[in-house]
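Please work from the sequences and hints to get the whole structure.
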Amino acid sequence: MIRLKRIALYASIALLSAPAMAEEVAKTPDPAHTWDLTEIYAAEQDWDADRKEVLATLEHIIAMKGKLGDSAESLYRALDLISDTSRKASRVYAFASLKADEDLRGTADQERRQLAQAMFAQFGEATSWVQPEILRVGEETIDSYLREDERLQRFANDLDNVLRNAPHTLGDEAEATLSYFSQTFSAPSSIYSMVANSDIPWPEVDFSTGETARIDSQGYSRYRASPVREDRKQAFDAFWGKWKEYRNSTGTVINAHLQTQVALAKARKFQSVLERELFQDNLPPAIYRTLVAEVNKGLPTLHRYFGLRQRMLGLDSLHYYDLYPPLVSLDKVFDFETSKAITIEAMSSLGTEWVERQTAAMDQRWMHVFPQRGKRSGAYMNPGAYDVHPFVLLNPTDDYVSLSTLAHEWGHAMHTLYAAEAQPYDTANYAIFLAEIPSTSLELVLQDYMVRNAESDTERLFYLGSALESLRTTFFRQTMFAEFELSLYEAVERGEALSGERISEMYGELLRRYHGHDEGVVRIDELYTNEWMFVPHFYYNMYVFQYATSQTAGTALYEKIVEEGEPAVETFKDLLRAGGSDYPNEILLRAGVDLASPEPYRAVIRKMNAIMDEMEAILAKNSG
12 MIRLKRIALY ASIALLSAPA MAEEVAKTPD PAHTWDLTEI YAAEQDWDAD RKEVLATLEH
72 IIAMKGKLGD SAESLYRALD LISDTSRKAS RVYAFASLKA DEDLRGTADQ ERRQLAQAMF
132 AQFGEATSWV QPEILRVGEE TIDSYLREDE RLQRFANDLD NVLRNAPHTL GDEAEATLSY
192 FSQTFSAPSS IYSMVANSDI PWPEVDFSTG ETARIDSQGY SRYRASPVRE DRKQAFDAFW
252 GKWKEYRNST GTVINAHLQT QVALAKARKF QSVLERELFQ DNLPPAIYRT LVAEVNKGLP
312 TLHRYFGLRQ RMLGLDSLHY YDLYPPLVSL DKVFDFETSK AITIEAMSSL GTEWVERQTA
372 AMDQRWMHVF PQRGKRSGAY MNPGAYDVHP FVLLNPTDDY VSLSTLAHEW GHAMHTLYAA
432 EAQPYDTANY AIFLAEIPST SLELVLQDYM VRNAESDTER LFYLGSALES LRTTFFRQTM
492 FAEFELSLYE AVERGEALSG ERISEMYGEL LRRYHGHDEG VVRIDELYTN EWMFVPHFYY
552 NMYVFQYATS QTAGTALYEK IVEEGEPAVE TFKDLLRAGG SDYPNEILLR AGVDLASPEP
612 YRAVIRKMNA IMDEMEAILA KNSG
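In terms of the numbering used here, the sequence shown is residues 12 to 635.
Simulated from the structure, these hints should not be mistaken for laboratory data. Please read these numbers as outputs of a predicted model, since none were measured by experiment. Careful, some of the hints might be misleading.
[As the list claims (entries may be wrong)] Calculated pairs, PhoX-like style, for lysine-lysine (alpha carbon to alpha carbon, straight line, at most 25 Å): (1) K99 <-> K78; (2) K343 <-> K78; (3) K76 <-> K63; (4) K255 <-> K244; (5) K584 <-> K571; (6) K584 <-> K618; (7) K244 <-> K277; (8) K277 <-> K255; (9) K618 <-> K308; (10) K99 <-> K63; (11) K571 <-> K618.
[Said to hold, decoys possible] The calculated label-pair distances, taken between Cβ atoms and stated as ranges, are: (12) R158 <-> T349: 54 to 64 Å; (13) Q229 <-> K632: 37 to 47 Å; (14) P609 <-> A278: 33 to 43 Å; (15) D374 <-> P311: 41 to 51 Å; (16) A53 <-> A621: 50 to 60 Å; (17) F196 <-> Q229: 23 to 33 Å; (18) E55 <-> K277: 42 to 52 Å; (19) T349 <-> R505: 52 to 62 Å; (20) A119 <-> A198: 35 to 45 Å; (21) S498 <-> R162: 40 to 50 Å; (22) A621 <-> R158: 22 to 32 Å; (23) V206 <-> R162: 42 to 52 Å; (24) E84 <-> T49: 32 to 42 Å.
Cβ coordinates follow ideal geometry from the N, Cα and C atoms, glycine included.
So, in structure tokens, the structure goes:
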């Protein structure tokens, strides 16, 4: 409902970055490269005053219980107060979250974030009666109020969504009871995070370079891309060997999560967890099923890529630990200022207005750029301060990945800017289903720009290879994750027992099929079937498929921009401006993309084959 949309949005946008501390340490950061949080609150006491005001307002919200059906005026006053409180609460949380991520070691900052989280929990409890009461008022009366009072129009989509939930909404007491258990329901995820980030004693490995490194998640990510094959294998074996020791306990934790979600779906009278999750955004089930079906049909293209990879790396066979080193090396540094300049230049295909707007935004103190001790790792965009502007966290390493990440996060930021400009707070909150589309589109804009402006065949091969890797890891790999997650829920819904060992068997079956193990395409060692244990997204309930659908939609929209120019750019902007004013699939359909049909997915496959055609032509030219 209205109350928690925004916090859910920016929490989800940041999922790719686990809240781990960055190891690299910048010297004294230039203030120009840090965000200015005084734009949200000039002083911490101002933050605390707003937090307390939110809490004080809750009793006024509760006092409105039983009055929503009295008149259009009563309904408007209640929804307006809830909206204003949600708006202020989001601002409170945004400041606390951003401040805490500057230094995860800071006790005061972490406590402030906890206070903000507790505030939102209380907000949820105080508003748990709203949805059931709207349902009791009924569709007929609500529709008459909407016609009577035009001020209610900004809540029209939310009200429709509530009424749509009638079969799945419990009574006041039951809804309140469920809200009390919100933190308990997330316990498996919290336990998993503690095990993954704190409790596992990671092994140290001696590499051929003479280095000795700890193979935790960062060490694994680094050495799996090593140019030395034996080093890659050592990193894989050490990392997954250690995870295997925790398979039984991790299996128990994820099973507890699955059982909880299945029970909650049943309690709300859904046939399955998949039905419940798609229902939230009114998505047709055909989107999920069509994605999985079409990606499976496209596996020969993925296997073609693996063959090309084997050829370019000069290997007699391809193993799972051979998938991460770059196809060609690129001795080119993309420092932050260079990355900014390239990103802006690449966006010229989106028109002058876009370039001017993004340039002006990127020149402000909206970003916390460089790593420093204690800072959260990874990258994200936080849209929580609706009345201010989005904020972006980065940790660049001066490579092409960092450049691509910059474009990606500014896709999110530009989406937020366009939506906030065009929509009131209540309809600016775009769905997660749409959130990754602009970010993916900007990555594609950058990608094509880099290919066009490459100074050599080697550089062009590097960018084309990076494009293939993006398709592998997002379109294919995330769909594999989605298919795996669906199989887990369906197993629980059938009443099957799931041990850690059984889950690894299920994951292994998919891993081998996607990678052509039986056909001799990529060899999957038994140890690597424990990879599922490393993926936190499985605790976010059918979330991962949206990475693949977003890449698909982003590809379709960008192809229209290339083919049609300015009209397609305006269509793209209209999608951003729509925010959350309608159901996400309806917004996407108006942009000309139907993800329930096979064609957009087949277009991605065609694009992947076209990239490989280009690469093979370059290789043939240079070998001849």
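Going through the numbered hints above, which ones does this structure break? Give me the numbers in ascending order. 2, 7, 8, 20 and 22
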